[in-house]
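Undergrad: Hey, can you work out the whole structure from these sequences and the hints?
Protein chains: 2
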Amino acid sequence: MFNLFSIKGGIDNVEGFFCDGVNVGMKKKSADAESSHIDGDVAFIRSDVLCDVTARFTTNKFQAAPIKHYQKYPKDFQTNFLLMNAKNANAMTGEQGVKDIDMLFVELAKYHEVYNPIMSSTGVIGYRLNQEKIASAFSKFDYNAKNSDNTARSIMTTDQFKKELAFRIELDDGSSFTIAAICKGAGMINPAMATMLCFVTTDANIPKADMEELLGEATEQSFNRISVDGDTSTNDTLMLLANKVSGAYNKEAFREALNKITFELAMMILRDGEGANKLVAFEVTGAKNEQEAITASRALSNSLLVKTALFGEDPNWGRIASTIGASGVECDDSKLSIHYDNLLIYSNEQRELDKEREAQAYVIMKNSSFKVTCDLGIGTASYTSYGCDLSYEYVKINAEYRT
Amino acid sequence: MFNLFSIKGGIDNVEGFFCDGVNVGMKKKSADAESSHIDGDVAFIRSDVLCDVTARFTTNKFQAAPIKHYQKYPKDFQTNFLLMNAKNANAMTGEQGVKDIDMLFVELAKYHEVYNPIMSSTGVIGYRLNQEKIASAFSKFDYNAKNSDNTARSIMTTDQFKKELAFRIELDDGSSFTIAAICKGAGMINPAMATMLCFVTTDANIPKADMEELLGEATEQSFNRISVDGDTSTNDTLMLLANKVSGAYNKEAFREALNKITFELAMMILRDGEGANKLVAFEVTGAKNEQEAITASRALSNSLLVKTALFGEDPNWGRIASTIGASGVECDDSKLSIHYDNLLIYSNEQRELDKEREAQAYVIMKNSSFKVTCDLGIGTASYTSYGCDLSYEYVKINAEYRT
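So the protein sequences, as listed, match chains A and B.
Residue numbers 1 to 403, in my numbering, belong to the letters of the first sequence in order.
Residue numbers 1 to 403, in my numbering, belong to the letters of the second sequence in order.
Honestly, the hints are just simulated from the structure, not real lab data.
There could be a bad hint or two in this list.
Copies of the same chain are indistinguishable here, so a pair counts whether it falls within one copy or spans any two.
Subject to a maximum C-alpha distance of 20 Å in a straight line, what follows is the list of computed EDC-like cross-link-like pairs (lysine to aspartate or glutamate) [said to hold, decoys possible]:
(1) LYS99 to GLU349
(2) LYS68 to GLU330
(3) LYS99 to ASP332
(4) LYS28 to GLU132
TA: Structure (structure tokens):
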């Protein structure tokens with residue numbers, strides 16, 4: 001059928017795409033915990049041929065100006081330029097926020113040919129973009145660079161590490177295409193997207209209809225299943241840009257690659273969950289229907305008491321059970337069972353946690369990732385969402401962010 | 001009409017009620033941060049004449065055994081004895097949990113005459129009550145004591161301070177009655193009740209129908225409006241016990257006193273919110289309908305990003321706006337306005353926070369309590385809920401609880 005290879009780097013691997021990021025003085029230091037250099041704060045991704053584009057945006061009612069700007073283009077528009085900035089979300093800025101983007105693109109056109117340019121922003125809500133500072137990037141950009149590292153770093157905010165991934169797909173007929181993405185996000189992460197930006201580029205010859213279908217599917221099994229703190233931002237964006245220049249395409253191969261890239265990036269966001277140390281899968285099985293499975297699973301990944309118990313490595317299954325009961329789904333404590341990985345923690349016949357199983361539970365909870373499975377024993381529906389623990393660091397980061 | 005006086009102490013003020021608490025070795029130290037003595041862990045409240053009783057219980061589907069035990073009594077039952085314990089919630093203990101209560105009451109009857117006795121428990125979920133330890137209290141109780149202090153301390157878990165209140169109501173005809181309560185709760189607090197126990201006693205000659213009506217009303221304006229962490233426990237109980245022995249009653253006076261006592265206790269829980277330093281009222285006005293006002297208000301009091309911003313004393317109204325937008329209610333950023341107390345923080349005409357208003361906002365946020373008002377500008381419905389900040393202490397308390 002096809003072979004899928006993980007390759008080094010990010011969107012620099014994709015034929016026909018160019019990208020760069022520069023610092024114009026909005027970021028004072030690197031967001032990367034392990035880096036001492038100054039990250040960029042304005043960046044671009046461009047293609048030398050026009051791209052089809054499809055996107056999923058935040059469900060927040062107060063969509064930021066860049067999202068409103070995007071939505072003014074006609075359906076099925078094509079573009080050759082994406083401009084990005086950190087430190088300012090351009091959200092809650094009203095009509096002026098959209099005008100500010102148009103003004104920036106008038107300025108940008110003096111430096112590079114742009115067609116239906118798109119913008120994406122992340123940072124603090126409620127302030128107009130600094131036109132002068134952002135426009136000062138336009139003479140600094142190397143428009144022929146393929147610097148995915150700089151670009152990915154430029155959209156980082158509270159992220160502790162850079163997020164980029166690339167895959168090469170070789171088809172049986174000897175043709176091949178590439179799919180690659182950069183991503184940012186660490187907090188304000190909730191199902192139905194979060195403060196996350198993710199830009200996927202590909203040179204695959206993918207039809208527009210497949211882009212829509214497969215991006216929707218990819219979103220559902222990745223970004224829609226993670227929660228850091230239950231908050232959904234004004235700026236969330238997942239975008240797929242396809243310039244088709246490889247000429248190669250296979251739908252199943254593309255589906256697998258896109259699902260893989262989005263799922264792995266979603267897990268990277270969760271690993272980077274502000275101050276988080278553990279990645280936990282919350283699987284709910286035996287639910288009455290899918291909606292109830294989703295409700296119970298998300299209640300677990302959002303519960304403060306569950307998250308602090310994870311941080312404390314306390315095998316306190318009572319908080320798991322209580323959260324299921326509080327979520328409002330149909331359940332019965334005589335039908336419920338709870339596992340940590342393969343270890344039975346609770347069932348009707350085995351309610352109290354004896355010393356031996358408690359010791360085994362401790363071992364599992366020391367791992368940096370594990371699975372909590374709650375079988376409601378009511379029906380046949382299941383759902384898995386992904387969460388992380390809540391540490392002192394989360395409070396520190398979010399009490400101090402902005403100031 | 002009537003005069004309402006706040007009086008010292010708790011349920012010791014109410015004629016015909018007796019109460020005491022003792023330590024049987026389940027608590028090793030006082031929960032009270034300012035106390036060095038050892039609190040009780042088993043306690044009782046009894047009346048020398050039979051009481052009418054009405055209660056509101058948790059909405060959690062996994063109701064604890066004491067609640068199931070209570071619900072086995074016929075409607076309109078009367079009782080003379082309430083037994084309480086801390087350290088063990090007797091939740092998720094199945095049928096055995098209910099049998100354990102009955103067994104304890106068989107034992108208790110050897111020491112004191114009980115009629116339809118009630119039990120209430122708080123603590124860790126998932127373990128059977130230690131019959132032997134709890135029963136050892138029965139010979140230690142002073143059944144004729146009026147020791148509200150010991151009783152209130154005995155139900156404390158993560159509480160930092162004891163919660164009791166009493167009011168005396170003098171009617172125009174010279175008659176009078178008393179209403180008093182003890183309460184526990186600090187975390188796992190969410191609208192629709194929380195890990196809170198509250199026992200209100202009165203000697204008012206209140207009809208049973210009024211007890212039902214007024215307790216429902218009191219719940220709605222107090223415990224149903226507070227949130228510490230969005231979690232709803234298996235054991236929440238608000239109970240009103242009336243022995244009628246004063247012979248005095250006035251419905252309006254009782255309503256005012258009961259609303260006051262439950263509201264003030266709810267605010268005490270919030271003040272004690274695990275690690276919390278600030279009490280914040282979230283008022284939503286101009287909502288499309290009451291349900292939307294409730295949804296938006298509760299989203300604010302539950303948001304981790306709002307709570308950490310409160311802890312950081314950061315006038316970051318973007319998080320307030322984003323939370324409103326994410327809550328799914330009808331809203332429009334050109335119609336929205338946000339106030340901190342009387343200070344306008346955001347409106348369509350005044351989006352960016354200038355230095356002067358930011359400085360004023362800092363002053364307000366330094367206070368130990370203030371009000372955030374969001375006018376959605378859509379309709380006429382309004383609702384206020386109450387929340388607190390999220391501090392390092394919350395994480396510490398809940399990571400370490402149990403171990």
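Undergrad: None of the hints should be skipped; say for each whether it holds.
TA: Status of the hints after comparison with the structure:
Taking CA atoms no more than 20 Å apart as the test, LYS99 paired with GLU349 passes between copies only; the shortest distance there is 16 Å, against 64 Å inside one copy. For the homomeric pair LYS68 and GLU330, the shortest alpha-carbon distance between copies (17 Å) is at most 20 Å, but the shortest distance inside one copy (40 Å) is not. When the C-alpha separation of LYS99 and ASP332 is checked against a cutoff of 20 Å, the pair qualifies only between copies, where the shortest distance is 18 Å, while the shortest distance within a copy is 55 Å. In this assembly of identical chains, LYS28 and GLU132 lie within 20 Å of each other by CA distance solely inside one copy; the values are 17 Å within and 64 Å between copies.
No hint from the list above goes unmet by this structure.
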